[in-house]
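Undergrad: Below are the chains, spelled out letter by letter.
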Amino acid sequence: MVKIKVINIFRYLAILIALILSLLPVFVVILNSFKSPAELQKLSMSFFFKPTLDNYIDIVRECEFLFQLKNTLFMVIVTVSLSAIIGIPAAYSLSRAKILFKNWIMFFVLLVRFLPYIMFIIPLFILMTRLGISGTQFSLFLTMMMIPLPITIWLMKGFFDDIPVDVEEAAYIDGSSRFGAFLRIVIPSATPGIAAIIVLSTIFTWNQLLIPLIMAGSESRTVIIGLLQFIGGETCFARVGLMSAWIVGIIVPAIIISLIVNKYMVKGFTQGVD
Amino acid sequence: MFKRVKENVWSFPYLVPALIVLLAVTGYPVVVGIINSFYKFDLSDIITNERKFVGLDNFIKLFADDRFLNALYITTIYTVVSVILSLIIGVLLALLIERPFPGKNIVRSLLLVPMVMAPAATGIIWKNFFFGPEHGIINNFLKIFGISGPGWLTSYPWALISVIILETVFSIPLVMIVIDAGLMSIPNSVIEAAKIDGANYYRQVLHIKIPMIRSSFLMVLIFRISTSFRSFDFIYSTTMGGPGTNTETLGLYIYNLAIRILKISYASSASTIMGIIIGSVTFILLVYVMRAGGERFWSK
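Protein chains in written order, with our numbering: chain A, 5 to 278; chain B, -13 to 286.
These aren't lab readings, by the way, just hints derived from the structure by calculation.
Bear in mind the structure is a predicted one, so any value in this text is a computation, not a measurement.
Heads up, a few of these hints could be off.
[Stated by the list, open to error] Within a straight-line C-alpha distance of at most 30 Å, the following computed BS3-like cross-link-like pairs (lysine-lysine) qualify:
(1) Lys102/A x Lys90/B
(2) Lys181/B x Lys74/A
(3) Lys267/A x Lys90/B
(4) Lys113/B x Lys54/A
(5) Lys74/A x Lys267/A
(6) Lys9/A x Lys181/B
(7) Lys106/A x Lys(-11)/B
(8) Lys106/A x Lys(-8)/B
(9) Lys129/B x Lys102/A
(10) Lys90/B x Lys9/A
(11) Lys54/A x Lys(-8)/B
[Claimed, not checked] A few chain B residues that face chain A, going by a derived Cβ cut-off under 7 Å, partial list only:
(12) Val11
(13) Thr12
(14) Val18
(15) Ile20
(16) Thr62
(17) Val99
(18) Pro100
(19) Phe115
(20) Pro119
(21) Val164
(22) Phe218
(23) Gly237
(24) Ser254
(25) Ile259
Idealized CB from N, CA, C, for every residue including glycine.
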């Protein structure tokens, strides 16, 4: 009995250490985002200081945070909803119909998730440059579709496969059309799956660096690209307080979403891998 | 045959829009990228559409290009080490949080935080607050024990070790939740039967749990290999490939070739090779997964 208790203590201790290590960076950056420049001159781990909101006010005033936040939100909303609108029916048809090359289509969708993004981006960048639309919102959004669309198709097919066909067939006998049954019966029973793909796509699109780095122009730059101005030599360079506030603006929404809809996110990640 | 077509013709409007977009953003670039690898042109030639067919020239040059070979070597080390570490730690964490304890759900949710943070933001946090040679948290912590830590991101071999640590910390949560889900799907009766047969906890783990989560383990392995292999954000936001080319991975080198050095066709060839490598590794592993009983994966 004593032995079991000792093992349990070690177990909790290990979990505690893992928790601390996971959350320490978040804690540190939040702490620093409330420090004044004078405070930041001192060691980076002082706990007692007079918190100030100056950094948050300054990133909005000086570094165009809100403009880039608006761009990012617009990008995420457009790409995630578009890929849901076209991807969910596609997944449904791949789950229910006997389609020629179906396994090949699914294999391709999966392969897309394994291949390096840079491989897709370079030819698209060449194409956009040749068409004279590189740096526009359209080129960024179109390229960004490579992130949420394969996730949507792959995951939703799995979710649809798990929904029994019987109910739909009963609806056809009652005179419902295919599309009517899809909207009224299949979609409602797939809402947990849809929630999972929306959470996953949102987080991946929100966090994406490489695609906007190559595709975004000054009019469509995202908050992640904006963050790079603190390591490059632009206006807001080397101002640790502002940088911390900026990072908080990027990571805290993602963390809050992930905690609120944790169940769906876990479902998405585990189904997506399994 | 005709009947089958008629029965499934409804699926076309459902499938076609997504397929068009998918082919436009992934199928088209793969094909064009491979074709581009056999030509020579740079960014200024794009507008005029001037290009010269050079056959396998780019590939021959690549395999004599020290910087490319170095990137391939760095990427391999980066991938192998971070995948192995994240799998070991991820499985251990999954086993640790498997049995119920008070607050399990919230603890599990919080352990996922490193995974949902933007890698670029994580990289910059670590670079500024943790890896700093003088005021960084790690070196301040080491100072307590009288150790003077290295310049983590600026010296060999610590720069590579540091970015591998970032990649590992980022990927542990994924391994953890996938293995956790695998463990939860093991029927209780199996574990009970083992207990009755007198198997202690370690035997249960070794002989029952690990074999039964084999297919989730293999799938997470494939995902981990492919994401680590193309990893770009951590390195771009911390070392930019430095010092020298000590942490320049394939993804970063190709980005530099295309966007900084403007040798677009050469970058295409390099990315074709990168795609072939990761494509064949994942393909072989996928075939293995299917053989190992992951059929449900394809044809349900």
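Undergrad: Evaluate each hint against the coordinates.
TA: Verification of the hints:
no.	hint	result
1	Lys102/A x Lys90/B	violated, 43 Å
2	Lys181/B x Lys74/A	violated, 57 Å
3	Lys267/A x Lys90/B	holds, 13 Å
4	Lys113/B x Lys54/A	holds, 25 Å
5	Lys74/A x Lys267/A	holds, 28 Å
6	Lys9/A x Lys181/B	holds, 19 Å
7	Lys106/A x Lys(-11)/B	holds, 18 Å
8	Lys106/A x Lys(-8)/B	holds, 17 Å
9	Lys129/B x Lys102/A	violated, 65 Å
10	Lys90/B x Lys9/A	holds, 18 Å
11	Lys54/A x Lys(-8)/B	violated, 72 Å
12	Val11	holds, 4 Å
13	Thr12	holds, 5 Å
14	Val18	holds, 4 Å
15	Ile20	violated, 9 Å
16	Thr62	violated, 14 Å
17	Val99	holds, 5 Å
18	Pro100	holds, 5 Å
19	Phe115	holds, 5 Å
20	Pro119	violated, 13 Å
21	Val164	holds, 5 Å
22	Phe218	holds, 5 Å
23	Gly237	holds, 6 Å
24	Ser254	holds, 6 Å
25	Ile259	violated, 10 Å
In summary, the structure is inconsistent with hints 1, 2, 9, 11, 15, 16, 20, 25 from the numbered list given earlier, while agreeing with the others.
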